[in-house]
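Visitor: One-letter residues, chain by chain:
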Amino acid sequence: MKRFLKRGPWENAACVVIALGVFMLMQPFSMWLFSHSFVVILTGTLGFVVVSHFPEGEDG
Amino acid sequence: MAESTLTAEGSRRAQVPVGSRGRARGLSDRAVLLLFITPTLVLLLAINIFPLIWNIVLSFTNYRANQPGREIKWIGLRNYERLLGSEDIWGYLQVTAHFVCWSIFFQVLIGFSLAWLLNRQFRGHAFWTTVIVLPMMLSPAVVGTFWTYLFQPQSGIFNYIVNFFIDAGDFSMIGDVALAPWTIVIVDTWMWTPFVMLICLAGLRSIPEYIYEAAEVDGASPWRQFWTITVPMVLPFLMLAVLFRAIENFKMFDMVVELTSGGPGSTTELASINLKREAFESWKTGYSAAFATILFVTVFGAANIYVKFLNQVKKR
Numbered sequence: 000m001k002r003f004l005k006r007g008p009w010e011n012a013a014c015v016v017i018a019l020g021v022f023m024l025m026q027p028f029s030m031w032l033f034s035h036s037f038v039v040i041l042t043g044t045l046g047f048v049v050v051s052h053f054p055e056g057e058d059g
Numbered sequence: 000m001a002e003s004t005l006t007a008e009g010s011r012r013a014q015v016p017v018g019s020r021g022r023a024r025g026l027s028d029r030a031v032l033l034l035f036i037t038p039t040l041v042l043l044l045a046i047n048i049f050p051l052i053w054n055i056v057l058s059f060t061n062y063r064a065n066q067p068g069r070e071i072k073w074i075g076l077r078n079y080e081r082l083l084g085s086e087d088i089w090g091y092l093q094v095t096a097h098f099v100c101w102s103i104f105f106q107v108l109i110g111f112s113l114a115w116l117l118n119r120q121f122r123g124h125a126f127w128t129t130v131i132v133l134p135m136m137l138s139p140a141v142v143g144t145f146w147t148y149l150f151q152p153q154s155g156i157f158n159y160i161v162n163f164f165i166d167a168g169d170f171s172m173i174g175d176v177a178l179a180p181w182t183i184v185i186v187d188t189w190m191w192t193p194f195v196m197l198i199c200l201a202g203l204r205s206i207p208e209y210i211y212e213a214a215e216v217d218g219a220s221p222w223r224q225f226w227t228i229t230v231p232m233v234l235p236f237l238m239l240a241v242l243f244r245a246i247e248n249f250k251m252f253d254m255v256v257e258l259t260s261g262g263p264g265s266t267t268e269l270a271s272i273n274l275k276r277e278a279f280e281s282w283k284t285g286y287s288a289a290f291a292t293i294l295f296v297t298v299f300g301a302a303n304i305y306v307k308f309l310n311q312v313k314k315r
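Those protein sequence lines, which keep their order, are chains A and B.
Residue numbers for the first sequence follow numbering that gives the first Met the number 0, so the first one is 0 and each next one is one higher.
Residue numbers for the second sequence follow numbering that gives the first Met the number 0, so the first one is 0 and each next one is one higher.
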């Protein structure tokens, strides 16, 4: 379980979700993407807050 | 004699535990700690945390600040549904995206080039660094106001310079629907390129000289040195500059209001300008509180990425 809850990879995943959400918010292609962007950003941001409390991996 | 008394006093003091020594003087260490931290915490709660929570609460209501006697109804997520289903809001965010992306692109391109030149330590480079940094020190409102004069079609120097090189005739950067979005990009680039340049310069100066010397011994060309040493070593600094400018430009308000007021039409109406209009001209306080929450969460999410990169740079 401890090996699974490493901070680094989860933080990277949360950053990707946030970046995806920001792209969805500001892209000019699809209204559907815009409508769902806030949920994605919120999920990424809350996820980041949670996973930033995970322990560091052995490699730092 | 006096010396031996002092030594005895010193050894007695050393034997007394830290906490009780503090109490003997009046306040414990913990009390002193709280005394110093409490004013900051109270200010932080009153100025930052309370308005933020109050804003989030208001975003779920139909509150209007210009009608204080009106009954405030809890409407759930309706404000968010209206915002995220509005093509106008989508348009304002696209205008913001155009502004953020292009201004950062030019700032990085010009900022890095200037830093690369200034890192050469030519004669008078300190003077030129100071001259280049000057726009960054001006107030955004002042910059917006005097660039409106520079962009005047008849008397502005911008049109004069453009017409000197190409015969463009009378054109209005601020009044033209196609040109106005580029106007705010030009002015923001002029103002904030020095910031990117300074960060890049710090990155370039942090590269040890011996790495280049070793590369030269190995026969690496200047072009190869640039791509395999300079760019990778400056990249974390550049990423920081990009994230910092992205967050700042996402919130941009004062310079653009002074320059174009969001016009012509709504071609330069950034999200923050529309937010202010909805809040203090249309007085849709609950609706604009929801909009502010969306922008806040977006900036907060981007700030998390910023902090993560900052930590990676610190570890280097």
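Derived from the structure by calculation, the hints contain no laboratory data.
Incorrect hints may appear among the rest.
[What the hints assert, rightly or not] No more than 16 Å apart at the CA atoms, straight line, and that leaves these computed lysine to aspartate or glutamate pairs for EDC-like:
1. Lys275/B <-> Glu70/B
2. Lys5/A <-> Glu55/A
3. Lys250/B <-> Glu55/A
4. Lys307/B <-> Glu10/A
5. Lys314/B <-> Glu55/A
6. Lys275/B <-> Glu257/B
Computed from a predicted model, the values in this text were never measured in an experiment.
Visitor: Compare the structure with the hints numbered earlier in the document and write down the numbers of the violated ones, lowest to highest.
Guide: 1, 3
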